[in-house]
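Visitor: Given the coordinates of chain P, assemble chain D onto it according to the supplied hints.
What follows is each chain in one-letter form.
There are 2 protein chains.
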Amino acid sequence: TVELDEDHGEHPGTIQLLNGDPLVAAVQYTGERLLLDEVRLVAPVIPRSKVVAVGRNYAAHAAEMGNDVPAEPMVFLKPNTAVIGSGEPIIYPQQTNAVDHEAELAVVIGRICKDVPVERVPEVVFGYTCGNDVSARDLQKSDGQWGRAKGFDTFCPLGPWVVTHLSIAEASDLQIRSTVTRDGRTIERQSSTTAHMVHGIAELVSFVSSFTTLLPGDVILTGTPEGVGRIEPGDTVHVEIEGIGTLSNPVVATDG
Amino acid sequence: TVELDEDHGEHPGTIQLLNGDPLVAAVQYTGERLLLDEVRLVAPVIPRSKVVAVGRNYAAHAAEMGNDVPAEPMVFLKPNTAVIGSGEPIIYPQQTNAVDHEAELAVVIGRICKDVPVERVPEVVFGYTCGNDVSARDLQKSDGQWGRAKGFDTFCPLGPWVVTHLSIAEASDLQIRSTVTRDGRTIERQSSTTAHMVHGIAELVSFVSSFTTLLPGDVILTGTPEGVGRIEPGDTVHVEIEGIGTLSNPVVATDG
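The listed protein sequences correspond, in order, to chains P and D.
Residue 554 in this note's numbering sits at position 51 of the first sequence, and the numbers go up by one each step.
Residue 562 in this note's numbering sits at position 59 of the second sequence, and the numbers go up by one each step.
Don't take each hint at face value.
For chains that are exact copies, the list does not tell them apart, and a pair is met inside one copy or across any two.
[Unchecked claim] Derived pair list, reagent style DMTMM-like, types lysine to aspartate or glutamate, alpha-carbon separation capped at 25 Å:
1) K617 - D603
2) K644 - E513
3) K644 - D571
4) K644 - E567
5) K617 - D524
6) K644 - E575
7) K644 - E541
8) K617 - D758
9) K617 - E735
10) K617 - D510
11) K617 - E591
12) K617 - E575
13) K617 - E745
By construction, these hints were calculated from the structure, which means they are not laboratory data.
Quick caveat, the model's predicted, so the values are computed rather than measured.
This is chain P alone, in the form it adopts within the complex:
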């Protein structure tokens, strides 16, 4: 459990250790507390089944890609083997010359569920984290199906941690930004709010659960706002969501 400076708690900037997996059963605190600056966080969740991603869920992003907004959520899958945590490198594959970041709010599922009505979605959401739906645009276009273009190892950064106290209403009104640091300068790329989703959080979880059983730890990526852009080896890409934190990943070439 992380206690942040901005939470104004008694132990700012620390992390409290716990035993067990909160997605499986109750956990116990070990009593140990470490400085957040002195630990290396790994991905806060590795889905045991799937990352379900939703395309074209912000109208301005659909427009910048030349697409219409679909009437129903447009769903694709990213493999759990693509997940990395904050600080871990995005490895730029040799097969592509056009890799984009896509900042997204990630919903972490807490309970096995199927056919969840919209009004009961709060019962199955464990929490929220930042996600980056890294995408090889050239392969996305040439392959048609996005299994490879969005499924490369390291193409699903999640983190830095899972925030568990937000209501769906609160998570549906958060600033979401991405920035890229290149040659020492940090440039803003995406800046929007989760309020601009076409299909909202509860609707998305309900929709996804209407065709596939969701398992604890499964993740739903809720789409990206406008402003997506290229990343290159040497860059560091940051996804920042208000009230959650910042997910930062350096980009490295395959050979290094």
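Guide: Then chain D, alone, in the frame of chain P:
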């Protein structure tokens, strides 16, 4: 371990029980042996990560769907939550009116691997089973991405067991058929050979491993031959592959 009549062994039509998971470590036989007719087999493998499927990998099937054969394998993912075994029902979703069977040779991965050269693919293949890439054609078309249309619960029958003794050359020259039993009559739908794959088994495994880490138990579906067709509640669909066995699944409506 299953001993079949056609193997001419000492215990035809029986199944030998073992402890442990052969994908994880060595196994021990319990010494117990049961009649195959008296057991209910479950899915022989639930991928811990993913089912990677390949589209348009038989030229005659690509043609019957009005598509060209892609230069590189066209990859999409099916979730592990869609896997069922032989005998288990395919549940016909309410969201579709056009569900097709697709008989496919399924490759079961035995070792964690990445960037496997074609010549080393035999080292990472655990075995082969029959697969059915059940597909909702209407949603496939309207969604564009196939995550939902091919990702419904029960849309990935695998089984009846994993055959582990076939070489890649042997697995690349097997008769593959599908039949549908409706109103007491069984009609042939697909009849081809795995020799007709555009991209062969070794090439597919190598290609998939070039972008994603494969885990033991992950499955690669190698595409379907021509002759796909509709299934309806009340049908039973059979996928039969020479030297492997027959995967049979009844189709039932959502409400029962």
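Visitor: Run the structure past the numbered hints and jot down the numbers of the failing ones, going up.
Guide: 2, 7, 10, 13
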